[in-house]
Structure formats: C-alpha cells, structure tokens
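So the protein sequences, as listed, match chains A and B.
Residue numbers 1095 to 1269, in the working numbering, belong to the letters of the first sequence in order.
Residue numbers 585 to 925, in the working numbering, belong to the letters of the second sequence in order.
FYI, nobody ran anything at the bench for these hints, they're computed from the structure.
Hints are not guaranteed to be accurate.
To be verified - Using C-beta positions, here's what the derived DEER-type ranges look like:
1. A:ALA1143 - B:GLN880: 41 to 47 Å
2. B:PHE703 - A:CYS1131: 52 to 58 Å
3. A:TYR1245 - B:ASN797: 53 to 59 Å
4. B:PRO666 - A:GLN1159: 53 to 59 Å
5. A:GLU1265 - B:GLY778: 40 to 46 Å
Stated by the list, open to error - Subject to a maximum C-alpha distance of 27 Å in a straight line, what follows is the list of computed DSS-like cross-link-like pairs (lysine-lysine):
6. B:LYS621 - A:LYS1261
7. B:LYS736 - B:LYS710
8. B:LYS651 - A:LYS1128
9. B:LYS714 - A:LYS1138
Unchecked claim - Just some of the chain A residues that point at chain B, by a computed CB distance under 10 Å:
10. SER1148
11. GLU1151
12. ASN1169
13. PHE1173
14. PHE1180
15. LEU1217
16. LEU1235
17. GLU1237
18. ALA1238
19. TYR1245
20. LEU1246
21. MET1247
22. VAL1266
23. PRO1267
Cβ coordinates follow ideal geometry from the N, Cα and C atoms, glycine included.
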Amino acid sequence: MGNASSMLTQYDIEEVQRHCHNLFSQQEIVSLYKRFCQLDRNAKGFISADEFLSVPEFAMNPLSQRLLKMVDGLNFKDFVAFLSAFSAKASLEQKVGLIFKVYDSDGNGKVSFNDILEVLQDLSGSFMSDEQRQQVLCQVLKEAGYTRESYLMLDDFIKVFGHFGLKMEVEVPVD
Amino acid sequence: MSNPGKLITSSSELDLDRPNIEDYLPSGSSIQEPHGKLRLRDLLDISPTLTEAAGAIVDDSFTRCFKSNPPEPWNWNIYLFPLWCCGVLFRYGILFPSRVLVLTIGWIIFLSSYIPVHFLLKGHDKLRKKLERSLVELICSFFVASWTGVVKYHGPRPSMRPKQVFVANHTSMIDFIILEQMTAFSVIMQKHPGWVGLLQSTILESLGCIWFNRSESKDREIVAKKLREHVQGADNNPLLIFPEGTCVNNHYTVMFKKGAFELGCTVCPIAIKYNKIFVDAFWNSRKQSFTMHLLQLMTSWAVVCDVWVRDIISVRAGLKKVPWDGYLKYSRPSPKHRERK
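Build the full structure now, drawing on both the sequences and the hints.
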C-alpha cells in the first residue's frame, strides 16, 4: 500500500479485509481510509499520537492514554485491525481480547490486582479514594472466586463476560 | 502547532462555559444509574468508554466543523462536461479579468479619495471620520462586486448607538467585507501578516478596529479593556464580533466565546449563510492563504448569501449547534476536562 499516495486500490482493500478477518465490508474500509487520511495530516502513512489527540472527543476520554499506546503509529492495515473489534460482526472473544489488552498494560499476558486498580483509577479519578477502590475490588474479586493475589488470564476474562455477552460496537459512516 | 503532544491548559473560561452535556447526548443514552449488586463483570466492563473512544476515532463532530465539503461533481457526463468547460473558459477568461478591472478601479477611486481626506482633514475629525466610513463602505462594495456578490440583507440596518455590540457567525474573512458594505463596523480581528496586515494597520485603523493575538495570554486583558472603552464611546462605530473565534464551514456553529456577552451591552445577532450552489465560501485557513481564497472567489460564478440581522442565530439560518469550543482547533482540551469525565 502506498505510504504517500491517497489512492486505495481494489487489491489493497481486499488485503486489508483479509487482515481484519472480513469484519468490515469493502465500503466501510474505504470510509475508514478516508478517515485515516483525514487524521494523518501530512500523509506519513500512520497517525501520530498528537493527531489522535487533536480529536477532542478522543482526548477527553479517560482511557485515551492507554488506547494511544495501542494505536500510536499504526499503519492503515493495523488501524483497521484494531477497530475490527468494534465491528458488529466481531465475536465475543475478539471484543474481550481488546478489553484484556487495555488492562494488561505491560503485555505479559496476565492482569493483576494492580492492573485493574490502575484502570479504575483512570475511570473514577478523584471521585473515589484509593482505599475505597481497593476495598471494592477486593470484595468483588472475592465474590467471583478470586483473591487479591490472583492473576486473571484471557480465559478468565472470557468466562467473566461470557454469561451476558458484550455490546461494544461502532458504526462506520458510509457515504 | 507550537507544542505537539503537550496539553496547553486553557483558561478557566472553558470550565464556566461547560454546556449541559445531557442536551447533546442522543436520546436514550443518558448516564445510567447502577442497580443491583456490583459484580466482577460490571467492574471490569469498560466497553462503553472504549466504544466512545473508538467512535471518536472513526468520526467526530469537531473535525466535521472544519472539513471543507467538496461540491458533488455534476459535470462528469458527456452532455454536461463540454458545458462545464465553456463555463470555465468564461469564468477565467472573461469574468475574472473584468472583475480584476472593477477591483482595480475601485482601489484607485478609494485611495485617491481616502489619502487626501485622511491627511487634509486632520483637523476636522467628525467630517473626516464620516467620509472615511463612507469610503470604506464603498471599497467593500467594490470587493463584493468583484465576486459578483449577491447579498440579501434582512432586518434593520445596524446604527451607531453606544452599549451595543453585534455578533455574527464566521465562515471566511469575506464575512467582514460583506457586513462592512452594509454598515461601517469596527471589528475585532486577529492581526494578519502580509498585505492584509497592511490594510489592517492603515485603513481599518481609522474605523477604530481592535487587534488581538491569539497566542498571547496577557493580550486578553488588554483587548477586553479596549472593547469596553469602545462600546462606551458614543462616537465609535458599532462593534462587530465573531464569537466563534475561528472560521467554521457554514454547516455548523461552534460554541461562542463569551467575551462578547460580558461587556454589559445589548447583543444583536447577525447570521450569514452562504449559498453553496454558487461557491463554497468557507475559508479553510490551513489549506489556503487568503490571497488564494480571494482568487478562488473571483473565478467562481458568484457569491450568494443571506444576512439576517437580529434573528436568533443557528435556528434561523439552518445551521446546526455543536458543543465544541472553536479554540480547540488551536489547542488541546485541558486535563481538567478529562478528569471531569
């Protein structure tokens, strides 16, 4: 795929589609490409952290820093792959997989008590004290059969979310 | 942008301006109250927040305000294309030169009247100001004519009265010229470089215009003071303010900066809506300089717009409201806002 050109060939579209496991239609990929080019101001082939932060709705999101680590510098193919977890056609495992990756900031494949605490901190900020957060988390983990020292794996996450499913969808505007 | 990646703390003004976010959320998605016992699943479920973030990545209302919306191509079939080519020839070959001629004549007349008036009548301020005002209105009419501007004014003509300001939506610098043709306003503008800056320091100075510099924070107090002095004076021209603070693409209005409303005067709204069929008057200052923008206007068929005075902005002119501060175009939201969320 050309890094400086803003022309997307049919071959490119199909390649991207395969890479995201057909979770987006070809029109959606074309729309996403337009959006990608809009955000990538100087056509470098990837969107920098700065350019993501220029979207106020994104910058104001409490999890923006964590997501930024995951999307910073992605080329278009990986950008689409990242967003594919938000497609209506994505499976529960794929969606939970993304959530797991957000919690597992050091990428070691397991989520500790502290990892969850950090995300809670990002979300609740000054509305809860650290102590309150720890108390709540301890209690909730105990009731689910885990302890403070437990490490949660991806399978544990899938088990936790399995019962009621997960609604995490974004619609790609198609002209 | 001077500080890539760093958050520039915006002033507390933005805090006070925070709109009621419930007004802007789509119906049905109000912030939910938790019910029942808190389970591990509920605690770990960050999907709403992630969905919002992904939604913003995919599309966001702020970027849409500043997007130039290209016109739909209508000239692509075999019947219309040659017509379009003739149109291009006509516009560039005939219209453009005659417009340049009109504009040149206008400038000659203007300068040959303005310079003598300005220097010879130094002692008679009242008369001088009156003549200068009419001359500025004249050159603006020439400008408007040079784009074949068809401007329909609705509502009463603004008059010179103290303690009154006018606010208008902003699409391009030509907004100022169109309104100036109607009445010689004093306006508050960003100081520009180049030939525009020269015009600002000489001619517009005589109208009593006020300059500011976006990047200087101390500037704000000085400007606020100047504004207050201006509206108190009975002799000064009516003051025109563009409260969005920046050019918006004429499909939306962004949140107004509140300076215009804090002066303790009556505020009269003016709305400008351009007819896109003729030309898209949005000046995307990132994409083109003002000179290019003017040239583009002069090679189009016409600039057609409606100006409404004293009607409610945004509802009347068919523009949509967006809860974003226009200055976010230049800086990032402060960390304070993220915490609130």
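Okay, the hints, checked on the actual structure:
For the pair ALA1143 of chain A and GLN880 of chain B, the beta carbons lie near 34 Å from each other, so the given range of 41 to 47 Å is not met. Between PHE703 of chain B and CYS1131 of chain A the CB atoms are about 54 Å apart, so this pair conforms to the stated range of 52 to 58 Å. At roughly 55 Å, the beta carbons of TYR1245 of chain A and ASN797 of chain B sit within the given window of 53 to 59 Å. For PRO666 of chain B paired with GLN1159 of chain A, a C-beta distance near 56 Å keeps the hint of 53 to 59 Å intact.
For GLU1265 of chain A paired with GLY778 of chain B, a C-beta distance near 44 Å keeps the hint of 40 to 46 Å intact. Taking the CA atoms of LYS621 of chain B and LYS1261 of chain A, the gap is about 20 Å. The hint holds against a cut of 27 Å. At roughly 31 Å between alpha-carbon atoms, LYS736 of chain B and LYS710 of chain B are farther apart than 27 Å, so this suggested pair is violated. With a CA separation close to 12 Å, the supplied pair LYS651 of chain B and LYS1128 of chain A stays within the 27 Å bound.
With a C-alpha separation of about 55 Å, the suggested pair LYS714 of chain B and LYS1138 of chain A falls outside the 27 Å cut-off, and the hint is violated. Taking 10 Å as the C-beta contact cut-off toward chain B, the hint placing SER1148 of chain A at the interface holds, the least distance being around 7 Å. Hint status for GLU1151 of chain A: holds, given a least beta-carbon distance of 4 Å to chain B, under 10 Å. Given the 10 Å rule on beta carbons, the hint for ASN1169 of chain A is violated: about 15 Å separates it from the nearest Cβ of chain B.
Given hint, PHE1173 of chain A at the interface with chain B, holds; its Cβ is 9 Å from that chain's nearest Cβ, closer than 10 Å. Checking PHE1180 of chain A against chain B by beta carbon gives a least distance of about 5 Å; that is within 10 Å, so the hint holds. Nearest Cβ of chain B to the Cβ of LEU1217 of chain A: about 7 Å, under the 10 Å cut. The hint holds. With its C-beta approaching chain B no nearer than about 6 Å, LEU1235 of chain A sits inside the 10 Å limit, and its interface hint holds.
With a cut of 10 Å, the hint placing GLU1237 of chain A at the interface with chain B holds, because the nearest CB-to-CB distance is about 7 Å. Taking 10 Å as the C-beta cut-off, the interface hint given for ALA1238 of chain A holds, the closest approach to chain B being about 4 Å. With a least beta-carbon distance of about 14 Å to chain B, the hint placing TYR1245 of chain A at the interface is violated under the 10 Å criterion. A cut of 10 Å between beta carbons decides the hint on LEU1246 of chain A: the least distance to chain B is about 9 Å, and the hint holds.
The interface hint given for MET1247 of chain A is violated, since its Cβ lies 13 Å from the closest Cβ of chain B, which is over the 10 Å cut-off. Hint status for VAL1266 of chain A: holds, given a least beta-carbon distance of 6 Å to chain B, under 10 Å. The beta carbon of PRO1267 of chain A comes within 5 Å of a beta carbon in chain B, closer than 10 Å, and the hint placing it at the interface holds.
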